[in-house]
Structures are given as structure tokens and as C-alpha cells.
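Novice: If you read the sequences in order, they're chains A and B.
Residue numbers for the first sequence follow our numbering, so the first one is 174 and each next one is one higher.
Residue numbers for the second sequence follow our numbering, so the first one is 377 and each next one is one higher.
Worth flagging that the hints you see were computed from the coordinates, not collected in a lab.
Heads up, some of the hints might be wrong.
Unchecked claim - Cβ-Cβ distance ranges computed for the label pairs, FRET-style:
hint: 1; chain 1: B; residue 1: D676; chain 2: A; residue 2: T241; range: 20 to 30 Å
hint: 2; chain 1: B; residue 1: N776; chain 2: A; residue 2: D242; range: 18 to 28 Å
hint: 3; chain 1: B; residue 1: K866; chain 2: A; residue 2: D242; range: 21 to 31 Å
hint: 4; chain 1: A; residue 1: V222; chain 2: B; residue 2: G671; range: 16 to 26 Å
hint: 5; chain 1: A; residue 1: A196; chain 2: B; residue 2: I721; range: 51 to 61 Å
hint: 6; chain 1: A; residue 1: K209; chain 2: B; residue 2: D390; range: 49 to 59 Å
hint: 7; chain 1: A; residue 1: H186; chain 2: B; residue 2: D622; range: 37 to 47 Å
hint: 8; chain 1: B; residue 1: G862; chain 2: A; residue 2: D242; range: 49 to 59 Å
hint: 9; chain 1: B; residue 1: K866; chain 2: A; residue 2: I249; range: 16 to 26 Å
Each residue gets a CB set at the ideal place from its N, CA and C atoms; glycine is no exception.
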Amino acid sequence: MSIDTDTARRVAHLARIKVEEEALAALAADFNAILKFVEQLNEVDVEGVEPTTAVMPMRLKRREDVVTDGGYPEKILANAPDAREGFFAVPKVVE
Amino acid sequence: MSDLNALTISEARDRMRAGEFTAAELTESCLQQIESAGALNAFVHNTPELAMDQAKAADRRLQEGDTSGMCGIPLGIKDLFCTLHVPSQAGSRILEGFKPEYESTVTQNLWNSGAVMLGKLNMDEFAMGSSNETSVYGNAVNPWRRGNDSAQLTPGGSSGGSASAVAADLCLAATGTDTGGSIRQPAAFTGIVGLKPTYGRCSRWGVVAFASSLDQAGPMTKSVRDAAIMLRAMAGHDPKDSTSMDLAVPDFESALTGDIKGRKIGIPQEYRMEGMPSEIEKLWQDGAEMLRDAGAEIVDISLPHTKYALPAYYVIAPAEASSNLARYDGVRYGHRAKLAAGDGITEMYEKTRAEGFGPEVQRRVMIGTYVLSAGFYDAYYRRAQRVRTLIRKDFEDVFNDGVDAILTPTTPSAAFGLGEMASADPIQMYLNDVFTVTVNLAGLPGVSVPVGVDTQGLPLGLQLIGRPWEEGDLLNSAYVLEKAAGFVSKPAKWW
């Protein structure tokens, strides 16, 4: 499986990272080197093997379904690049 | 009262309790060293005022008879830990200016035990790297040099600043985090002790996430005893991290009996890599001899899926990173790109992330995005997670056969020169983690102990891998190895 510049462009967009057109070829080459390396995994017989979902087996804890936190919008907004009137501000998303 | 900064935690603890000096004096000594060690680029955000306040509070506690092992101990904190109102950037431009409104559980535990924060330490961006060269702050520098050669060497990564600071005695110990070897590899490169605990021993809450199923915080110290003392203060169940184990934290230090008679230590044949330097091979054999001389039984073991650990890691870690790093979008915190007229929200995301992430982080996020994308999930991610099950089973089988710990080299080489890997492809850099990454995939505890120096005078480490939740027993084996190796070398001060 080989990644071309079209695929690299598509992946960059999916990841929401702007990649200049002239950088796509080198990026595709990097992807291919890494994917070639990980394709060794195809040698392994994984028939009937369950994927790992929890590293250390443990029962997920439960708690009462009640509000335990919150009520400090000024802290939530303290690091925002653009906060106005108690909200995060972003470019217009609806016409 | 000179050189207090060069003490170990246990020495400082005992002498402060005996009233020989105060936490304030100890902290001042470290602050002075940090001041004159700019050339190492280890500390990237200093907090001297906070340190002195904490030290004075610790002195009051000590006077009242505080018995916590960490009271008054000055530490460096890896930049990956969120610390209240102190810059926490994960070595990335995208978190420029970010000052958390909260404290990570691990650092809070340390402050509760009376420890002192000197400042934040350099690291690879988002902990992605093995040389500290992906940091927005520029690379940290290893205090060790090749004999009289003035070439600058890497302290390793990603916890490179932590390793450099501890090795150069800028602090008594430091926190690190380890996703594929990021505590153990830099510890080996700088001649210090680095412990990655069992997955779930330390809370991940408030630690900037890289790969959530692999990340674990741990201590980087000057001795095995110090690692035992510091781990106890860091560890514990945290309701805010559902993967932190609800298990009592034992007194790890009391496990350091120095007696390993009859313990079974496994030597995995698959770790004998082609092209491994003979010095590393010899160090490994010497280490096994030391443990045998102390009464342990050395047995050959097999971990058959070892060679697939690195490829599985380079699917799983980027996949998890691509999900975790989706939060850096220029909306809630950190950097936001300047937008051109007519730019919408998608352009804001794309420009912000292109400006904010460095090349290695971008590469891994995109690889992760690719392996999780429609049509490839089963072929890459699901397959890697199935291989991971087999890697974990390799270890389970060996432990079920009665093996107590596994001895391996920590790294395939000593510290390399900064910039030496610049032209290599990414895979070459990834090979640094070949001996450490299996431990993360299996969630096991692993510790690197300095055991010797190479012909150029650079430190080399050996790794011991233990059973889950048995860090005490693991550290006891490490303690025996440390004593037998008698590694006492220190880097000659040039900075």
C-alpha cells in the first residue's frame, strides 16, 4: 500500500493541519517509510486473538450521576485566545 | 553548606530531619545551580518564589516532626504536567502562554507530601521524540561528554530536561513520563535511575495526554532508594482517572532489603539484536553476573513477539495521539493563527495546527489519522491491538513460569550527538525505544539503572522489568544491581 500526494493531502485535511502543496511529496514519503515499517505486523498470526482494550484488567468504577464540578466560567475561559461575554469566540460558522 | 544540591533524596531527608540544614537552604542551593546552568537548557520555566515559599512551609512541617519522605525535597517538573498558574506547554508552540487553572494529581500529591517545585523542565514536543530535539524551547543538553570532546550530546527524550537536570545536580530528582521509553532511555543516557511504574499506578489526570493507554508518570532520581521514596509520594488511586488502580500504595523503600536469593531473573534471547555494540552486550552479561553473584537464578527466556512491539507501537501511539491532540484547535487555550479575510473555522483549525505543531508531532498526528481512517482501521489499528495482546501474553507466560524480573539493556547505544540523527529517516530515531517499548505495551513496571560507562566515558544503563504492581520487588532487584555495579561517576562540570 503506497501513499501518493493526493492521499497525503486528504489525510492532512482530515487531521486539520494545513500542509503546503510543495510539502506533500516529502510527507507522503515519510508516511510510506513508516507504513512500510509497521506492515511487518502482517506476518503475525492474529487469528482468534482479541485486541487489547484495557492494559490492566480492572472494573470501571461507577459513581452517582450527580453534578460534582463546575460553576467557574472565568477559569474555563482564562486561557482562551478570544473570549467574549462568557463565551469562546470563533470565526462565523453559520451564514 | 556547599553542594547540598548534589545530595540524594534519602540523604537530604535524613539530614534535614537531624536538623543539619533547612529545606530553604537546600532549595537555595538548587536555585543557584539552575541559575548558572543555562547552557544545559534543562529548566525552561523557573519558579524560584514558589520554591522558596514551599521550602519555608516544608521547614515548618519538618519542625513539627513531619515524616513524609519528600518533605522539603526540591524537584524539577516535566513540562507535560499541568501546574497551577505556571506555564505548562508540553514543549509545544501550540500551548504558548497556557497557564493551567488546575494542578495535576501527581504534582498535587508531591506538594501535599511537602516537596518543592523549582520549575518546569524541557522535553520533546508532546513527549514525541527520543533526543529532546523536537522541543519548542530548543534541545536540552546532556551534562556528559565524550571524554574531552566538546561535542554536545543528547540527554535522550522525551524527558530530556528531567534527565539533564538530575544528572547535573540542578535538583534532587524530577518527574518524567514514559510512553515508549521516555523515562528510561534518558535515564540511561545520563547515568541516573528512571522508573516507569505499572500502568495505572500514578494518575494521568492533569498530565498532557500523548497516548492514553501507554502514558505513565514516574520518578527520575539519583538512586534506586530515591525512586522508591518518590514513587510512593506520586502514586495512588485518583477518582479523576478511571484507569488509575484502586490499590493501596505500599512503602516501596521498605522492600529494599538487598536480598534477592532464589529470585529468578530472565534473560530474553530476542533482545540480542543484530549489530548491537559489544559494549552493551558485555554490560548485559556483567549485569546478569552481578545478580547471579547476589544469589539470583539467571534463566534464558523467550518473548517471541518482541520484534513486533515497535511496529505495533507506531500504530497505536500515533492513533491515540491523533485523537488526544484533536483538542488543540485554537479555541479554548494556547495559540491561534492570525486569519486572513474570509477565513472560516476550518482555516482557523488548519492554520493554527500547522503553526502550533512541529514536524514530528504533525507527522504522528497524520499517521494516526490515516490508520484510524475509514477502511484502514482493521488493517492497522485493530491488528496492532491484537499483536499487543500477544506481546502482553509473552510476558504473562514468562511470569507464570516463575520468573520474577527480566534483565535487558535499556538502550541500543550510549547518548548520541545532538543533530547526528537529523538526516536519518524517522524509523532510525524510533529504534531508540526497541528495548523499552514492549513494557509500555504490556503495562508493566520497568526501571533503568546506571551500570557502567562505555570506552568514551558515557554512562550505560540496564533495564529490569517486573510483574504488574510489584514495583517494590522490582526496585529491590534494581537496588542489588545498583550496589553491585557501584556506578558513582559524575559528569565533569563544563556548563
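Novice: Which of the numbered hints are not met once you compare them with the structure shown?
Specialist: Hints 1, 2, 3, 4, 5 and 9 not satisfied by this model.
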